[in-house]
Amino acid sequence: MRFAKRGWIGLGIIIGGYLVAAGWVWTHSAPLIPDRPVTIRIAHWQVEAGPPDGMDAVIKRYEQLNPRVRVLQQLIPGIVYKQWMRTNLASGSGADIIEWGAWLEGVRDVPARYFEPVTEALGQPNPYNKGTVLEKTPWQKTFKDNLQGSRNDSPDPGQIFGVTMTECSVRLFCNRQLLREATGSEHVPQTFDEMRKIFLQLDAYSQRTGHRVMGIAGAKDNAEWLLQYLLMDTTLGLNFSIDDSGMLSMYNRQVLAAYLDGRWNWSRPEVRAGLELLRDVGRHMKPGFLQLQRDEATREFLAGDALFIFTGTWDATSLKRLASFEVGALRFPQPAKDDPIAGPYLIGRFQDGGGVTAMAMHLTKNSAHKAEALDFMRFMTSLEGQQLFTDGSGWLPATLEVKIPPAIQSFVSPLDGYTMCQPYSIIGSTVTMEFERNLHLLLGQNGSVDRYVAELDRVMPAAVRADLQTEVSSTLITLRAQDARMIAQARLSGPTQEGIYHAGQRALMESGQTLAEATTMQMMRQLKTAGPAE
Amino acid sequence: MLYPVRGPRLVRRLTLILLITALSGLLFGAAPVKLDDAWRALSDGRDRDALRAIGNDRSTRAAQLAYAATVMSQQPAIDQNMREAEAIFIELAKGDDAIADEAAYLRARLWQLHYFTPDLAKAAELYTELAARHPQSHWAQLGLVKLGLLKLYALPDPASPDRLAPAEALLARIHEPALQRDLHLQIGQAGVVLRQPLRRLIPHLVAADQIGGIGATAYEDLVIQIGELSLRAGLLEQAKVYFTRYLKEYPAALRTFAVRKRLEEAERQLALAAKEGGK
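Order-wise, the sequence lines are chains V and B. All residue numbers for the first sequence refer to the numbering used here, where the first residue is 1 and numbers rise by one. All residue numbers for the second sequence refer to the numbering used here, where the first residue is 1001 and numbers rise by one.
Pulled out of the complex, with its shape left as it was, chain B reads as follows:
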């Protein structure tokens, strides 16, 4: 006898269960796509897992968006993938729902960042179109922030040598406070890089600080920055407020020595001004 005819009962039962489980796939068809699994994988940067979760299902607009978003993130990043994703985004953007806005936004991002040769003018055009079509959509609002960055640093604007003004004009169209904060912050930083007058750029930095919620790293820099630029601009009271706040919030940080010295300088100048005012 080559193998036992009567195996242990447990083994026989297990074999039966396995057989039924395997056949059930044929009887009831494949399990429905769990799109949330795909989004979870994508949100975690696991593109292959996302593709696996999506499978061949393109039956819904959400599944199409998930597929195209995954394709544009795949490595190696090649234009062929970008073109495939863009074709899907173009179709999805024709709709009138949140998915249409997300697709339109991602299409603009493709042209700004993902194609081997970006076309910044085209990206700006797509952000503008999205904002015109659905001005209240979050993705349109975020697109306006990105458009602001393009205007600050990249897009040629022969009509206006003042690069800050076109970005400043966008602020009124942005209603979400966090996004308005981010654009204020970047207008202020661009003002530094583009050597604009301090009294023009400092209000943008202060506005960003007042809206609040800036990430820890940028926040520490910003508090010092407002203090120091205010001191340089002669806004002594404001300099004192920000330097004092820094020392209170970061008592053991490396820059406390320099900040303390700058605070002393602000106080010295304030005392001098008070003395001269008294005369």
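Okay, chain V solo, but in the shape it has when bound:
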């Protein structure tokens, strides 16, 4: 009898377990028959607080407007993103829309191989802007920066592959409560020198209270962002002096070529000044910070163990949602002309990140639903789509005319400074790798500017050469593919509507190809004439 009772209990557990499992599968798996005929997927690595919510809001509205289409958001953590992207694209199973950035190491060839240019669509007004002030504006011109970043990163000059979702700027986030306690004032630093003085007050506060508080939350990522910022400032004049083309901005390939031509190197005083400034700030980060990732810096700041954290507005939503104190977002105080380290090299204020749009989304060449994916890209960057994204994410919009909520108004940088090119540390993936790999020579216990620049000038000629070669290879991939495509466009040209379309496509492609071909030949010549790498 007792055995039979136990048997029933066991059976009950099994049946219960089965029902729970069945219920889970029923409610969490995709339906056997999709409820909408078309499903597109969008993948990105912005897993911080904010962007997934913003994207969900965009998707929800898009699905209301387009009952045929289901949009799935895939959140891929940054740590595995490159591997995920490469594997999925190579196997032809990548998402229809994919985020990509030129600074990601080892995936520079991806746009040329796997993404479709959207240049032609960008030349037309975005239909989702109908009835708004942007109704007649070509899609490209609806972006705040005219898609400057996507143009810089294009493997095919003249073609644009990515459309952006947000405007990024970097800010010095401040624990206002701690600032009051440590300095007895709410005054935030306006100059680099004022920031130095606050650091000194903070040391005194730590001694007085026994609570060790660092000036800036430290991690390798944050130090690198800070260095990018400082380098852009101190090398601005140098960059204008090597801008032969007179475009008042330089593409990565031009900066790389200028290096091979001996127009700049890491020992230049302007570069050394930027490195010196970072060492100056680095002294106020916790020991061993080079071993830490950005999450650690965030934790340090949120725990009240650091007064400031230097990061991009991409972290702002996380900081504001998680902090138990008031967080201020300040423009990082740029060194002044009388700064003992940087002063001699400064030519004026530089544009601190604001105005550059990012989170670039790309249309996958092998997408089974290209038209729908492109349509969704139009919606997510339209005035309505961007308003939803901004409100939901707490990130700045990439599109003009979107209303910016008061809470993030301080992230907007006015166009009050120069902008020239990417900082030297991220002009190519091999350069970036060498730069990061050797950072301990600058910021480690026995580090110094001399040791760091000596090593960089030893390894960089080969790294720069490799990156310029990669630029050439990526462009050649797109150039070769265009030859047959142009002939096909010509064969389809004619007096019909389709024929006129193809004639226009052929003309556009020819012109773009000539531009890209000339750029490639310039790079090849520069590689040839610059002599062998040391």
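Calculated directly from the structure, the hints in this document are not laboratory data. Where a beta carbon is used, it is the ideal one built from N, C-alpha and C, also for glycine. Take these hints with a grain of salt, some might be off.
[Unchecked claim] Derived contacts from chain V toward chain B, CB cut-off under 8 Å, selection only:
no.	residue
1	Gln140
2	Lys144
3	Asp244
4	Lys365
5	Thr419
6	Leu479
7	Ala481
8	Asp483
9	Arg485
10	Ala490
11	Arg491
12	Leu492
13	Glu510
14	Gly512
15	Leu515
16	Ala518
[Said to hold, decoys possible] Each computed PhoX-like pair below joins lysine-lysine, with the alpha-carbon atoms no more than 25 Å apart:
no.	chain 1	residue 1	chain 2	residue 2
17	B	Lys1248	V	Lys136
18	V	Lys337	B	Lys1261
19	B	Lys1248	V	Lys141
20	B	Lys1034	V	Lys365
Chain B: place on chain V using the hints.
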């Protein structure tokens, strides 16, 4: 009974329709090749679909061209494919129609870009031959632009240390405005890279701008470039015109701050020149 002898009427009818459809292929032969489908696939970069659309049909010159163009685009790009495509292009180029010009052009492109070891001199020779044979053909005209690029950057020219001059000489042979514009633009850009005098290269950039129709990305750069290089060359009025145009067309762009400063500088120098002229 293992299966019902009398099935529903609808099923029987459907089976009959399917059977007739399947047999019709045998009775009437395969459907004719729709070459436009192949071109559409190729224009979209779908090489496999293009090959599928072409099938085994090589009966027309157009089908041969489509096949060879697809073969040269296939991945992985290997010389064996290029040789196969080139053999077809050589035969097609012997004709006297548009297909002959397209084939001749693609053959030159094979040698410039597609073979594992390019032969730029041979590519230049093929562009020259095509232009001599059918000078008015679009593909010959485009070939002259490509030849111009080779002369600017790649081909050795011991007779002339001036790399711009041979490309400039080609301009008179190009009649299509868009192609002339593209070569003007590239002569100007090469002038920058090759450190030629500004007053020599700027007219090429201005000519490209005046012909018009430059793609959005290159256009924005060009407007600033003409303004800034003009300022450096002392062509102050021209600098002012282009900087002003930039600020009007791109009021919210990142470079507006720098352009505004440069416009102020141009105006300052103009005022200074006017003052000195007045004296």
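* **25 Å Cα cutoff - pair Lys1248/B, Lys141/V** => holds (13 Å)
* Under the criterion that the straight-line Cα-Cα distance not exceed 25 Å, is the pair Lys1034/B, Lys365/V satisfied? -> Roughly 24 Å separates the two Cα atoms, so the pair holds.
* Regarding the hint that Glu510/V lies at the interface with chain B, is the smallest CB-CB distance below 8 Å? -> This interface hint holds because 6 Å falls under the 8 Å limit.
* To do: Starting from Lys1248/B, check that the Cα of Lys136/V is at most 25 Å away, please.
  => Holds, at about 17 Å.
* Asp483/V as an interface hint toward chain B, with CB separation required under 8 Å -> This hint holds: Asp483/V lies near chain B, its Cβ roughly 5 Å from the closest one there, short of 8 Å.
* Is the interface hint for Arg485/V satisfied, with its Cβ closer than 8 Å to some Cβ of chain B? -> holds (5 Å)
* **Supplied contact hint for Ala518/V, tested at 8 Å Cβ to chain B** => Hint holds; Ala518/V Cβ to chain B Cβ min 5 Å, cut 8 Å.
* Asked: Quick one, is the Ala490/V hint okay against chain B at 8 Å, beta carbons?
  -> Because about 7 Å separates Ala490/V from the closest Cβ in chain B, which is inside the 8 Å limit, the hint holds.
* Going by Cβ atoms only, is Thr419/V closer than 8 Å to chain B? -> Holds, about 5 Å.
* Would the hint on Leu492/V stand, with a C-beta cut-off of 8 Å toward chain B? -> holds (5 Å)
* Asked: With a cut-off of 8 Å, does the beta carbon of Lys144/V approach a beta carbon of chain B closely enough for the hint to hold?
  -> Hint on Lys144/V: holds, closest Cβ of chain B at ~6 Å, below 8 Å.
* Asked: Taking the least C-beta to C-beta distance, is Arg491/V closer than 8 Å to chain B?
  -> Given a least distance of 5 Å, the restraint on Arg491/V holds.
Going down the numbered hints, you'll see the structure goes against none, and every one checks out.
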